[in-house]
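**Q** The residues making up each chain are set out below.
2 protein chains.
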Amino acid sequence: MSDQETELKFLRDQIDSIDQQIHALLNDRARCAQSVAEVKERYQGDREAVFYRPEREAQVLRRVMQRNDGPLADHEVARLFREIMSVCLALEKPMHVAFLGPEGTFTQQAASKHFGHSAHCIPFSTNDEVFREVESGGAHYGVVPIESSSEGVVTHTLDLFKRFNLKICGEVELRIHHHVLRAAEEGLDNITRIYLPQQTLSQCRSWLDTHFLAAERILVSSNAEAARMAIQHGTEAVAIASDLVADLYQLNIVARNIDDQSDNSTRYLIIGDQDVGESGHDKTSILVTVPDKAGALYELLQHFHQHKISLTGIETRPASPESPHSVFYIDFEGHAANQHIQNVLQELQSDTVELKLLGSYPVAVL
Amino acid sequence: MSDQETELKFLRDQIDSIDQQIHALLNDRARCAQSVAEVKERYQGDREAVFYRPEREAQVLRRVMQRNDGPLADHEVARLFREIMSVCLALEKPMHVAFLGPEGTFTQQAASKHFGHSAHCIPFSTNDEVFREVESGGAHYGVVPIESSSEGVVTHTLDLFKRFNLKICGEVELRIHHHVLRAAEEGLDNITRIYLPQQTLSQCRSWLDTHFLAAERILVSSNAEAARMAIQHGTEAVAIASDLVADLYQLNIVARNIDDQSDNSTRYLIIGDQDVGESGHDKTSILVTVPDKAGALYELLQHFHQHKISLTGIETRPASPESPHSVFYIDFEGHAANQHIQNVLQELQSDTVELKLLGSYPVAVL
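So the protein lines, in turn, are chains D and A.
Residues 1 to 366 (this note's numbering) are what the first sequence spells out, left to right.
Residues 1001 to 1366 (this note's numbering) are what the second sequence spells out, left to right.
Hints may be right or wrong, so weigh each one.
What the hints assert, rightly or not - As a list, the in silico DSSO-like pairs of lysine-lysine whose alpha-carbon atoms are at most 27 Å apart:
id	chain 1	residue 1	chain 2	residue 2
1	A	Lys1308	A	Lys1356
2	D	Lys93	D	Lys113
3	A	Lys1162	D	Lys113
4	D	Lys308	D	Lys293
5	A	Lys1040	D	Lys9
6	A	Lys1356	A	Lys1162
7	D	Lys293	D	Lys162
8	D	Lys93	A	Lys1009
9	A	Lys1113	A	Lys1093
10	A	Lys1293	D	Lys9
11	A	Lys1162	A	Lys1293
12	D	Lys162	D	Lys9
13	A	Lys1113	D	Lys93
14	A	Lys1093	D	Lys113
15	A	Lys1009	A	Lys1093
16	D	Lys93	D	Lys9
17	D	Lys356	D	Lys293
18	A	Lys1093	A	Lys1040
19	A	Lys1293	A	Lys1308
20	D	Lys40	A	Lys1009
21	D	Lys162	D	Lys93
Just so you know, these hints were derived from the structure itself, not from any lab.
Since the model is a prediction, treat every value here as computed from it, not as a measurement.
Please construct the entire structure, taking both the sequences and the accompanying hints into account.
**A** Given below as structure tokens:
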């Protein structure tokens, strides 16, 4: 054996011994998960036991990221634990998750990111069908984008909470940011051709309309393909794609984050019929209907300001055309089980025509 | 705390302690992997060090499956180790893998199954481009189906080995089997409507033509959608989908494995420019050109028979139209580094116009 072989053999024997220990611990963990299921079923009586606890998973993942001191990156090791929990959960009860399809979309990525690859994820053609499948009990959870342009028209997912009696059980964030990539040149001058896939076009349309209304837009099958076409087609061509693609093809990023702000398709909601407990870092979403008068929104927001509660998102939703009311979707920090939040919700109640609590759930960990 | 809460807390504390141990071991493993990379680079001199060793990964996964005694299923725990190796490898060197796109196809699934989710997988529109990308060094490996109907015409991947100087470094199997699913009825009588996606149609066309030429075929976006449509559209409707879908929608399987035998799209090849060492359970692929005369194939196969070597696959490939030769693609058990196999290859050499060794590689583990 050469010196190199001896050194490698020593290291590989070490890896094998580590793998054996990891393996034994994985099965130990699975046995504990089985015992958890057993305890839950024993005490549950007639009600169906709840095996998936989003708040508990969020806590586990946060702890993993906190205590991690490398060399593995925090998000990589958290992803491994997500898969480990997914495998253990599948042993207790195989999870069925409905998502807005077709397969291969970002929503499927979001579903796998949140539930791991042991969950059975089933595509549905519309958000409406995803909600219906979860409400009927056909799927345990659903994954929907907050807003999606994949169906031709923008479907306002939030409006579906008015029609379906479902809750938000979690959120997933996919960090998809689009940039303008260029091979030879720096800067945004002399761009005549833009290569990009359909989905990217719908996510960056306003920015492109503002900056490059005249340039030819050529639709291709993927962002990687766009990069390759831009390289082939000379100095006046650019591609719209992510950091990863820029890196792979060694292209210059000549404009960053051109995604339209109004399109929050990088955030996805987990819907279900479960009340999620406190995880220690939670968010609450509500849908409020207020009289359509000047200052209504301001009054609403004052309550949050007075209680020092941070709003994380607000969106105006149309009420029915003949209605004299406005509807707002509001996200804020905190859990509805918390007394502090309960006080605000009570105050809001007296100021609004209707207040619907959509759910409290852990802030996205990964 | 209630009794249930006490019991659950005890179990969860146990899980947390197990997680801490797994976490520490994962980082230990990553450190070992870094040392492996260091050793390789130190001894490599000017040549580029090879970080990914398919034979070594296959051995690790086989050991995992052999020693596994549950409760986790063999394939689940092997999948976790695949991800662990993927994460550790990404730390040594981020892997770039080209695959036949678009995203969301089975080929992408095959790529993730083989390289784990830490590899950067990049879609290409044709097999040709995948080969070119790997040959030029733009990607470390490529993943291509043996045969694919996704490009409209059947592209014979195998023919590309004549044009590109690349090797087979591994194989991936996806177990995708299609069945005929029916809601109310048993048996194959009175079927007038068949719901299925385009891709499934191309994989099951001969069977459907033979058995249900007259039935209406309705293309839908996914196999799950097909099942839902079949349920909605009464007793004369069926869906073509997998076990998983049958299970999810509680449909009867009235005919099993209707996939056309000629379409091996459930097997994928890993291509690269690397000679893969012995893993202990390997396969070798060759491309042989023989004079186009009666008995040529028989003579060829005799060599394998005499040496008691099992053939795992054989396929006739057209030579150029004016050529007086026949070309065969042959897969058999064993590794070309093995003396036994070398003897056969030598014998074959004398009987053939040309013999191209495409590679020896580990038999698919998962």
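**Q** Confirm or reject each hint.
**A** Cross-check of the supplied hints:
1. For the hint linking Lys1308 (chain A) to Lys1356 (chain A), the alpha-carbon distance of about 21 Å falls within 27 Å, and the restraint holds.
2. Only pairs whose Cα atoms come within 27 Å are accepted, and Lys93 (chain D) paired with Lys113 (chain D) is accepted, the gap being roughly 19 Å.
3. Taking the CA atoms of Lys1162 (chain A) and Lys113 (chain D), the gap is near 40 Å; set against the 27 Å cutoff, the hint is violated.
4. Between Lys308 (chain D) and Lys293 (chain D), the direct Cα distance comes to roughly 25 Å. Compliance with the 27 Å bound is thereby established for this hinted pair.
5. At roughly 12 Å between alpha-carbon atoms, Lys1040 (chain A) and Lys9 (chain D) fall within 27 Å of each other, so this suggested pair holds.
6. At most 27 Å may separate the alpha-carbon atoms for a hinted pair to count; Lys1356 (chain A) and Lys1162 (chain A) meet this at roughly 9 Å.
7. Restraint check for Lys293 (chain D) and Lys162 (chain D): satisfied, since their Cα atoms lie roughly 22 Å apart, inside the 27 Å limit.
8. Between the alpha carbons of Lys93 (chain D) and Lys1009 (chain A) the distance comes to roughly 20 Å, so the proposed pair stays at or under 27 Å and holds.
9. Proximity of Lys1113 (chain A) to Lys1093 (chain A) is assessed by CA-CA distance (about 19 Å); at most 27 Å being required, the pair is judged to hold.
10. Between Lys1293 (chain A) and Lys9 (chain D), the direct Cα distance comes to roughly 51 Å. Violation of the 27 Å bound is thereby established for this hinted pair.
11. This hinted pair checks out: Lys1162 (chain A) and Lys1293 (chain A) have alpha carbons roughly 22 Å apart, not beyond 27 Å.
12. Our distance criterion of 27 Å between C-alpha atoms is broken by Lys162 (chain D) and Lys9 (chain D), whose separation comes to about 62 Å.
13. Restraint check: the Cα-Cα separation between Lys1113 (chain A) and Lys93 (chain D) comes to about 23 Å, which is no more than 27 Å; the hinted pair holds.
14. Using a Cα cut-off of 27 Å, the hinted pair Lys1093 (chain A) and Lys113 (chain D) holds, with the two alpha carbons roughly 23 Å apart.
15. Taking the CA atoms of Lys1009 (chain A) and Lys1093 (chain A), the gap is about 41 Å. The hint is violated against a cut of 27 Å.
16. For the hint pairing Lys93 (chain D) with Lys9 (chain D), the CA-to-CA distance comes to about 41 Å; that exceeds 27 Å, so the pair is violated.
17. At most 27 Å may separate the alpha-carbon atoms for a hinted pair to count; Lys356 (chain D) and Lys293 (chain D) meet this at roughly 20 Å.
18. Simply put, Lys1093 (chain A) and Lys1040 (chain A) have alpha-carbon atoms about 12 Å apart, close enough for the 27 Å limit, and the pair holds.
19. Of the pairs offered as hints, the one joining Lys1293 (chain A) and Lys1308 (chain A) holds, with about 25 Å between alpha carbons and a cut-off of 27 Å not exceeded.
20. Of the supplied pair hints, the one linking Lys40 (chain D) and Lys1009 (chain A) holds, its CA atoms being roughly 12 Å apart against a limit of 27 Å.
21. With a CA separation close to 30 Å, the supplied pair Lys162 (chain D) and Lys93 (chain D) exceeds the 27 Å bound.
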